[in-house]
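First to last, the protein sequences are chains A and B. Sequential numbering from 1 applies to the first sequence in the numbering used here. Sequential numbering from 1 applies to the second sequence in the numbering used here.
Just so you know, these hints were derived from the structure itself, not from any lab. Errors might be hidden in some of the hints.
[Said to hold, decoys possible] When the alpha-carbon atoms are kept at most 20 Å apart in a straight line, the in silico EDC-like pairs for lysine to aspartate or glutamate are as follows:
no.: 1; chain 1: B; residue 1: Lys17; chain 2: A; residue 2: Asp249
no.: 2; chain 1: A; residue 1: Lys267; chain 2: B; residue 2: Glu56
no.: 3; chain 1: B; residue 1: Lys51; chain 2: A; residue 2: Asp141
no.: 4; chain 1: B; residue 1: Lys15; chain 2: A; residue 2: Asp248
[Unchecked claim] Partial selection, computed: residues in chain B whose CB lies under 8 Å from chain A:
no.: 5; residue: Met1
no.: 6; residue: Pro60
no.: 7; residue: Glu61
no.: 8; residue: Ile64
no.: 9; residue: Cys141
All residues carry an ideal CB built from backbone N, CA and C; glycine is no exception.
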Amino acid sequence: MIIIGEKINGSIPSTGRAIAARDEAFIRDLAIRQAEAGADYIDVCASVDDDQEMEVMKWLIDIVQDAVDTPIAIDSPNAQTCVDCIPFCKKPGIVNSVSGEGDKMDLVFPVIADTKWEVIALLSDDTGIPKSAADRLRVFDNIMAKAKEYNIAPERIHIDPLVEMLCTSEEGIAMVVEVMTEIKKRYPTIHITGAASNISFNLPARKILNQVFMTLAMNAGMDSAILDPLDRGMLGTIYATEAMLGLDDYCIEYITAFREGRIGPVKK
Amino acid sequence: MSIVKEIASAVEAGKSKVVGGLVEQALNEGIEPSVILNDGMISAMGIVGEKFKNNEIFVPEMLIAARAMKKGVEVLQPHLAKQGVEPIGKVILGTISGDLHDIGKNLVGMMIEGAGFKVLDLGVDVPPEKFIEVMKENPDCKVVALSALLTSTMPALTSTIKAIEEAGLRDTVKIMVGGAPVTQAFADEIGADGYSEDAASAAELAKKLYGVA
Chain A
1 MIIIGEKING SIPSTGRAIA ARDEAFIRDL AIRQAEAGAD YIDVCASVDD
51 DQEMEVMKWL IDIVQDAVDT PIAIDSPNAQ TCVDCIPFCK KPGIVNSVSG
101 EGDKMDLVFP VIADTKWEVI ALLSDDTGIP KSAADRLRVF DNIMAKAKEY
151 NIAPERIHID PLVEMLCTSE EGIAMVVEVM TEIKKRYPTI HITGAASNIS
201 FNLPARKILN QVFMTLAMNA GMDSAILDPL DRGMLGTIYA TEAMLGLDDY
251 CIEYITAFRE GRIGPVKK
Chain B
1 MSIVKEIASA VEAGKSKVVG GLVEQALNEG IEPSVILNDG MISAMGIVGE
51 KFKNNEIFVP EMLIAARAMK KGVEVLQPHL AKQGVEPIGK VILGTISGDL
101 HDIGKNLVGM MIEGAGFKVL DLGVDVPPEK FIEVMKENPD CKVVALSALL
151 TSTMPALTST IKAIEEAGLR DTVKIMVGGA PVTQAFADEI GADGYSEDAA
201 SAAELAKKLY GVA
């Protein structure tokens with residue numbers, strides 16, 4: 001499982017306050033704790049006004065890279081910002097994100113074409129978030145056609161099928177599971193990602209929903225996720241699910257995570 | 001770290017991909033095959049068994065350690081044979097008639113092998129006649145290990161021992177028994193020579209019954 005640590009995001013109130021106060025120690029601590037918990041990438045999202053975004057992004061990326069060796073996921077709704085932040089990064093990371101919307105792919109794909117950078121692509125386009133599986137797969141086909149033009153191999157692409165909240169869905173997660181299954185069938189090496197916590201918006205006891213979603217989504221092919229690596233319950237669910245899916249020989253990854261104190265009950 | 005110690009720690013950690021190479025390296029350095037076997041692998045499996053008994057490690061960790069040792073032994077075997085290094089002895093092992101459980105029995109087999117024995121694993125649902133036949137073929141075998149997992153198949157332990165007695169072979173071997181419902185008291189009652197409650201203890205018991213512990 002590829003874990004993209006989500007904590008350094010200005011839309012999280014405590015992180016937003018730290019950004020406003022330019023509290024370097026706070027950001028550094030978040031980077032270190034996420035890396036220690038096993039994050040493969042540290043997501044960095046400023047979530048500030050456009051005129052400040054570049055400055056804040058650079059400030060955040062510099063702190064993270066000074067604190068840990070974990071690569072960065074450059075997270076901005078503005079594709080140009082993502083592109084402009086690439087030179088700040090010491091090693092290839094992930095652009096988070098493009099979609100079928102506007103000129104996002106045209107901005108990002110040429111820049112990462114001949115690099116080791118990976119990219120998250122959302123299955124939305126200028127019509128919004130398609131309602132049916134068929135329409136999302138149509139967006140997917142457009143993305144893959146464009147990626148092919150720039151020679152971006154499927155294994156560098158993380159497709160986010162866009163998980164929507166469960167409480168207003170009439171068919172649970174059936175549609176998104178259909179999309180994930182189909183994508184993985186067409187491109188076995190592609191990554192499928194998503195923000196697990198979207199599923200539980202406006203419902204109580206969200207952790208239960210997030211974890212069960214993760215298990216079902218992994219069963220459908222999700223192998224990358226944007227989440228809080230400090231959430232021991234979620235991490236435990238991920239390791240347990242990988243073992244059950246036969247992705248963890250002899251359960252050694254599971255046992256190791258337990259032994260390192262990253263999953264399971266907190267030892268007193 | 002000496003190469004033998006490196007082998008031991010690789011076996012202990014279950015690193016089957018590196019053990020073979022390390023054994024070759026040790027042989028190239030001129031270290032005696034028997035030293036590699038005893039100090040590199042058997043002692044590491046002893047530590048693994050001890051940790052398992054103390055609940056410090058889990059079953060899969062024992063499995064991968066045994067797998068790693070197997071890789072090392074594969075490389076070492078021709079050299080051991082050339083030098084005439086023999087296993088400590090043979091152990092006949094099987095799950096008794098009517099019982100199809102083999103996970104525990106296999107673990108016992110691995111740990112006994114890890115202790116330096118040659119294990120003749122007869123599988124599951126083994127009728128008494130089969131044990132007797134293999135005993136006759138291997139008169140040098142001094143320990144027979146019988147496994148039963150169910151209360152309903154425990155009587156087959158009794159009848160297997162009885163059959164061995166009737167075949168006139170009881171004095172040629174020590175018999176050890178084990179399995180979830182089996183206890184020391186039951187082992188005593190049916191006239192077994194030993195009982196162990198887990199795979200690691202079974203390996204120690206086999207050594208004791210062979211008089212090498």
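Hint-by-hint comparison with the structure:
1. Restraint check: the Cα-Cα separation between B/Lys17 and A/Asp249 comes to about 14 Å, which is no more than 20 Å; the hinted pair holds.
2. With a C-alpha separation of about 15 Å, the suggested pairing of A/Lys267 with B/Glu56 holds against the 20 Å cut-off.
3. The suggested pairing of B/Lys51 with A/Asp141 is violated, with an alpha-carbon distance near 54 Å, which exceeds 20 Å.
4. For a cut-off of 20 Å, the pair hint linking B/Lys15 to A/Asp248 stands: about 15 Å separates their Cα positions.
5. For B/Met1, the interface hint is violated, the least distance from its beta-carbon to any beta-carbon of chain A being 22 Å, above 8 Å.
6. With 8 Å as the threshold, the beta carbon of B/Pro60 comes within range of chain A, its nearest partner Cβ sitting at about 4 Å, so the hint holds.
7. A distance limit of 8 Å between C-beta atoms decides the matter here; for B/Glu61 the minimum to chain A is near 7 Å, and the interface restraint holds.
8. Contact between B/Ile64 and chain A, as hinted, is supported at the beta carbon level, the nearest pair being about 5 Å apart and thus within 8 Å.
9. Interface hint status for B/Cys141: violated, as the beta-carbon distance to the closest one in chain A is roughly 31 Å, over 8 Å.
Hints 3, 5 and 9 from the earlier list are contradicted by this structure; the remaining hints agree with it.
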